[in-house]
Structures are given as structure tokens and as C-alpha cells.
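Top line first, the protein sequences correspond to chains H and A. Oh and the first sequence: position 91 is 90 in numbering that gives the first Met the number 0, straight run, nothing missing. Oh and the second sequence: position 57 is 56 in numbering that gives the first Met the number 0, straight run, nothing missing.
In case anyone wonders, no lab produced these hints; they're calculated from the structure. Bear in mind the structure is a predicted one, so any value in this text is a computation, not a measurement. For glycine and all other residues, C-beta sits at the position ideal for the given N, C-alpha and C. Watch out, some of these pointers could steer you wrong.
Pair ranges (Cβ atoms, derived) [said to hold, decoys possible]:
| # | chain 1 | residue 1 | chain 2 | residue 2 | range |
| --- | --- | --- | --- | --- | --- |
| 1 | H | A244 | A | G19 | 18 to 26 Å |
| 2 | H | F146 | A | G109 | 36 to 44 Å |
| 3 | A | P329 | H | G154 | 58 to 66 Å |
| 4 | H | H16 | A | H327 | 32 to 40 Å |
| 5 | A | N203 | H | F146 | 27 to 35 Å |
| 6 | H | E199 | A | G19 | 25 to 33 Å |
| 7 | H | G24 | A | P217 | 25 to 33 Å |
| 8 | A | G46 | H | T168 | 48 to 56 Å |
| 9 | A | L220 | H | D239 | 54 to 62 Å |
| 10 | H | T3 | A | A193 | 33 to 41 Å |
| 11 | H | G38 | A | N221 | 36 to 44 Å |
| 12 | A | V45 | H | P220 | 51 to 59 Å |
| 13 | A | V45 | H | K5 | 29 to 37 Å |
Residues per chain are reported as follows:
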Amino acid sequence: MGKTFKRPEALTETDTHYCPGCTHGIIHRLVAETIDELGILGKTVGIAPVGCAVLAYNYFNCDFQEAAHGRAPAMATGIKRVRPDLMVFTYQGDGDLASIGMGEIIHAANRGEKFTTIFVNNAIYGMTGGQMAPTTMPDQRTTTSPFGRNVEDVGMPIKVAELLAALQTPAYITRQTVIKPKYINKAKKAIKQAFTYQLEKKCFSLVEVVSTCPTNWGMTPLDAIEWTEKTLLEYYKLGDYKIPA
Amino acid sequence: MPKVLMKGNEAIGEAAIRAGCLNYFAYPITPQSEVAEYLVRRMPEVGGVFLQGESEVAVGYMLFGAAGAGARVFTTSSSPGISLMSEAISYIAGAQCPAVFVNIVRGGPGLGGILPSQGDYFQATKGIGHGDCRMLVMAPASVQEAVEMVMKAFPLAEKYRNPVMVLGDGLIGQMMEPVEFPDHLKSEPTNKDAWSTNGMDHRNSKKRNIVKSLFLDPALLNDNNLQLKAKYDQMRSDEVMFEAYNTDSEYKGLVVSFGTMSRVCRTAIDLMKADGIEIAMIRPKTLFPFPEKAVADASKKPTCTHIISVEMNMGQMVEDVDLSVKGHLPVSWYGKCGGEIPTPEEIIDVVKSRIA
Numbered sequence: 000m001g002k003t004f005k006r007p008e009a010l011t012e013t014d015t016h017y018c019p020g021c022t023h024g025i026i027h028r029l030v031a032e033t034i035d036e037l038g039i040l041g042k043t044v045g046i047a048p049v050g051c052a053v054l055a056y057n058y059f060n061c062d063f064q065e066a067a068h069g070r071a072p073a074m075a076t077g078i079k080r081v082r083p084d085l086m087v088f089t090y091q092g093d094g095d096l097a098s099i100g101m102g103e104i105i106h107a108a109n110r111g112e113k114f115t116t117i118f119v120n121n122a123i124y125g126m127t128g129g130q131m132a133p134t135t136m137p138d139q140r141t142t143t144s145p146f147g148r149n150v151e152d153v154g155m156p157i158k159v160a161e162l163l164a165a166l167q168t169p170a171y172i173t174r175q176t177v178i179k180p181k182y183i184n185k186a187k188k189a190i191k192q193a194f195t196y197q198l199e200k201k202c203f204s205l206v207e208v209v210s211t212c213p214t215n216w217g218m219t220p221l222d223a224i225e226w227t228e229k230t231l232l233e234y235y236k237l238g239d240y241k242i243p244a
Numbered sequence: 000m001p002k003v004l005m006k007g008n009e010a011i012g013e014a015a016i017r018a019g020c021l022n023y024f025a026y027p028i029t030p031q032s033e034v035a036e037y038l039v040r041r042m043p044e045v046g047g048v049f050l051q052g053e054s055e056v057a058v059g060y061m062l063f064g065a066a067g068a069g070a071r072v073f074t075t076s077s078s079p080g081i082s083l084m085s086e087a088i089s090y091i092a093g094a095q096c097p098a099v100f101v102n103i104v105r106g107g108p109g110l111g112g113i114l115p116s117q118g119d120y121f122q123a124t125k126g127i128g129h130g131d132c133r134m135l136v137m138a139p140a141s142v143q144e145a146v147e148m149v150m151k152a153f154p155l156a157e158k159y160r161n162p163v164m165v166l167g168d169g170l171i172g173q174m175m176e177p178v179e180f181p182d183h184l185k186s187e188p189t190n191k192d193a194w195s196t197n198g199m200d201h202r203n204s205k206k207r208n209i210v211k212s213l214f215l216d217p218a219l220l221n222d223n224n225l226q227l228k229a230k231y232d233q234m235r236s237d238e239v240m241f242e243a244y245n246t247d248s249e250y251k252g253l254v255v256s257f258g259t260m261s262r263v264c265r266t267a268i269d270l271m272k273a274d275g276i277e278i279a280m281i282r283p284k285t286l287f288p289f290p291e292k293a294v295a296d297a298s299k300k301p302t303c304t305h306i307i308s309v310e311m312n313m314g315q316m317v318e319d320v321d322l323s324v325k326g327h328l329p330v331s332w333y334g335k336c337g338g339e340i341p342t343p344e345e346i347i348d349v350v351k352s353r354i355a
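Using the sequences and the hints given, assemble the complete structure.
See the structure below:
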């Protein structure tokens, strides 16, 4: 019997800079496994965001472009329009996609751009040190909501999957998480499905992955998983929100 | 090829196609929307890409993505739209990608107006984006020259792997003039495999390419910006373009003017010449690099007493003229903005009063 578990070819051997207990590493691996399994490494271009995954180009073994904050979907559009044969994915956090980049993601989804977005939602700005995001939960404490998010003042957290699913253009929109093995298997299937739709030139695809940020939440990794399950998953319900006909 | 009568904006669109640029992304804004209206029909005929983006911000990054992937790409816009694209221009310069931007300038600041202006001189030549970036800027004075400069812009952008701008005041986009298109540009092979994200399979390589402007290590950022500076220095030595007018005469005054404004100045100079007053003109065709030496040399004519920068703005290029002349003769500005264009008679009055 040969090796049954190895580093995906689509990942480099570089150690990541992610914090202990952060789920970016798992999500990177699921994307890399998908690239390997579909045999698309040589024609894949990733777009890194501004945020915790800004250095994603160090960890994936394919061509990469580094975007400005929120603009990854516009860059992916540019690449995909001039080179429809390339497989393009954006990897974005919730500050990047749901705040400064909301315009770009909505219009890319609405045009039905044939690329894939991995949207990592951890309800906070990670890289800049734990500020409030559009996805921060009511009463959640962050450095810019030190007394808890006041929804009377700044509104309710944005449910991106539901919002994009409301568009009339066909798309694949799903929400997953990777906080436990049972969820990881489903998330893997969803990511592979999203890339497969792109490979078939079928539609825009987005996988929202509810993620953890123990460092900025001020929790242990285990507590972060428990809080995610009890609080985030109550509000951000898992499942497919839109499937192309 | 015979001459055809064409509106500037449409000629600019056609010129890009003839330069081998088959990828166009844009957002509508007056006074240049005719470029998009022309190319939405024309691009499918040549198998090209046309996309109307959701904003100038997005369009800037569509260019960045496409250029990063190795495509020849361009957009057109007007002043407020260029402000929105300036973020992307900085990223494109930082990541060393080629892209062409056409700015059909309208009046500003803010929403300003929709009539011709040269108010974006500072923005184009000094402040096109944050950080240590510059852009090669060409300023046509006719529709014919707009065509030639647009066609020249693509190989220049690829040579330097840097954004290039064609800066036309609104008249260049809106007026109709006879134009003759040069032959289709023969594309110089450029080695995009060395840096672009065109896919490892496409270039038959196992080595990935990364297009980025992020250098967290200060030494690496310093190195990157030294590379940029070397390119900008090379532009200064190799790419300066200008026209000298009536500089063989014993002129008493020197006018410096670009774009449409230079055509009015030319008329004024001809009228004064008929009246026995010799005035010369330097017309910068590149605004960056600025023809410093040409202006400095022309200012040294022994008969010359005054240098006037005539602009459709409140005095911007005059600062570069002043820097070139280095104080040995008085330099002043004359101009109007908001769509007001100085007449030959006004220019004659101003020139006469200042050379006295």
C-alpha cells in the first residue's frame, strides 16, 4: 500500500503565517486538493485579497495575482474575459468581500462571470487586528465595537450567501464551515462542485466558509469552535442557497 | 489608406484595434462614451472583448487582471473616472504590468463640467496614484495625432511594463477631423511568459508567476521602486516628444502649449508674424517625460524676453516650464478653464503685453 495522505501538489512547502486555531489552513488545503483532483494546476490563476490571506500566493503552487482591497472579483473578471480557458478563483475575507468589495462581488456574480470565489467569513477583520466587520455578530466585541456591535447604530450583520442568491442570474452559492471533520467533508464537496461548474463554463460560483479567528475573538481554539457552532452557525445557516438549473 | 472623416472618440477606438488591442473595459462618462459605443459593435467583428464594468474602480482592476494575465488591454474615461482608476493605476505600475488609459479630459475639480479642459495635467504627470509611480503621458493636438499616439501607446506600455496614458482634452474626443490610419501595427514579440499569469501549461513551465505590488520586506520594496525609477529615467532620456514652431526666427517671446490649446496658439503666432512680431512655440507631445531640454534651449534665444505657458486650466504645466527655464527669464501663465478656450486675439494681447 502506497502513501494515503500527502501534501497536495497545489500547495507549496512554505509554512503559513496563520494563527493557531485559524481555519485558513484547512480551507487552503481543500482548494488545493480540488485543484489536484481536477488536474487543473497548470491553468489555474488565484487572486489573493487584502486581509489575512494577502500572502496566499506564497502557499498555492499556481499562478497568482495580488489584488487591491475588495477588487479581486474585478481582476478575476478581467482575466476570465481575456482568457476563458484559465481556471480563476478569488480567495477573500469578509472585510474584503462584504465591505469594501461589495460592489465588485455583486456585479461579478450578476454578470455570471465564470470564476469561483472562496469567501472566508470569520465575523471580524483579522489582519488589521480585530476590527468590526459587516459580518460581526450583534453584541460581538471588537476593537471598533468595544461595547459590542450595536445594531441600532450600524445595522445587522450581512448574510452574503443569501444576498447573492437573491440575484436572478444562475449561480452556485453555498455556505459551509470547516470547524469539525463532518463539516470539512461537505465543504470539500462544495468547493469541488464550485470549481466543476467553472470547468463546465456553467456559472459563477461562491463558497462561503464560516471560519474562526481565536486570536481576535480572544478565545482558545476550542472555545472558538464552540462559539462558531453555537453563535455563528445559528445566524449563518449552512447549506446550498442557489444551484444552477 | 484613404482619409476618413471620423469623430475623435471613434478614431481612438479604431486605433486601439489596429494596434492589436482586442480587449476593452470601460464605464460610461461624458465626453468619451462614444468610444464604448463604437467598440461594442466593432470588437465582436474582430473577435475582441468588450465589457462595460460596474464602475471605473472595477474597470481599473479588470485591466490589471487582464494585463497581469498577459493580454493587451485598454480603457477610456474622463477626469472623474480617471480619479477612480488611479488606485488601480498605482497597483499596475507597482506590479509592472502594461496597460493603456485614454483620458478625454473635462473640467474639474469635482464633478466640474463636461466641456474640454486640460485640468488633469498635474494628475497625469505627477499624481496618477499613491506611491512612487509615474506614467508615460502623450497629449495629441489633432484626431490624427490621437490615432498615432494610441497606436504607439501599446508597444510603449509593453516595453516599459508600465501604464501609458493618452491625454486628450475634450475637443480631441468630440471633434470630427479627417484621419488616415497607419497600417496595422506589427506586434513586437514580448516575453510575457517571464512574468504574466498566463497559466503554467500555456508557457509549458512548472514555475508559477506571481503578479503583485506587495513587498513587505523594505529592502525588496526599495529594489522594486529602484526598478521603477530606472524605467522612468529611461523614459526621460528616450521617449521625449515635442514640436518646435517658428524657433528659427528671432523671436521675442516663447509660448509653451499642448493639445488643442497649442492649435489656437499657432494661429496667434501666425497672426503676429504677419504683423511683424516673431513668437515661437514648444509643444510638448509627451507631458511625462516633459521636454525640459527643448524648453530650456528655446528659452536661451538671445532675443527672447519672456516665456508664457498657455493652458486650458489655472496654471499647471507652467510649473514644469519654470523648472526647465531655471529662472533665467520670466515665466508666466495664461489660460482659462471650464470649457472656456482662450481666443487667438486674447493670446495676442497677452503675449504683446508681456514681451514688451
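Taking the hints in turn, this is what the structure says about them:
A hinted range of 18 to 26 Å is violated for the C-beta pair A244/H and G19/A, which are about 39 Å apart. For the pair F146/H and G109/A, the supplied restraint of 36 to 44 Å holds, since their beta-carbon distance comes to about 38 Å. Range check, P329/A to G154/H: Cβ separation about 60 Å, and the 58 to 66 Å hint holds. Roughly 57 Å separates the CB atoms of H16/H and H327/A, a value that falls outside the hinted 32 to 40 Å.
Remark: the range hint 27 to 35 Å for N203/A to F146/H is contradicted by a beta-carbon distance near 58 Å. For E199/H and G19/A, the hinted distance range of 25 to 33 Å is satisfied, since their beta carbons lie about 31 Å from each other. A hinted range of 25 to 33 Å holds for the C-beta pair G24/H and P217/A, which are about 28 Å apart. A beta carbon spacing of about 25 Å between G46/A and T168/H contradicts the range 48 to 56 Å that was offered as a hint.
Checking the proposed 54 to 62 Å range against L220/A and D239/H shows it is violated: the Cβ atoms sit about 43 Å from each other. Checked against the hint of 33 to 41 Å, the C-beta distance between T3/H and A193/A comes to roughly 39 Å, which is consistent with it. Checked against the hint of 36 to 44 Å, the C-beta distance between G38/H and N221/A comes to roughly 41 Å, which is consistent with it. One distance hint, 51 to 59 Å for the beta-carbon pair V45/A and P220/H, holds here, with the actual separation near 56 Å.
Taking the beta carbon of each, V45/A and K5/H are about 47 Å apart, not inside 29 to 37 Å as hinted.
Of the numbered hints stated above, those contradicted by the structure are hints 1, 4, 5, 8, 9, 13, listed in ascending order.
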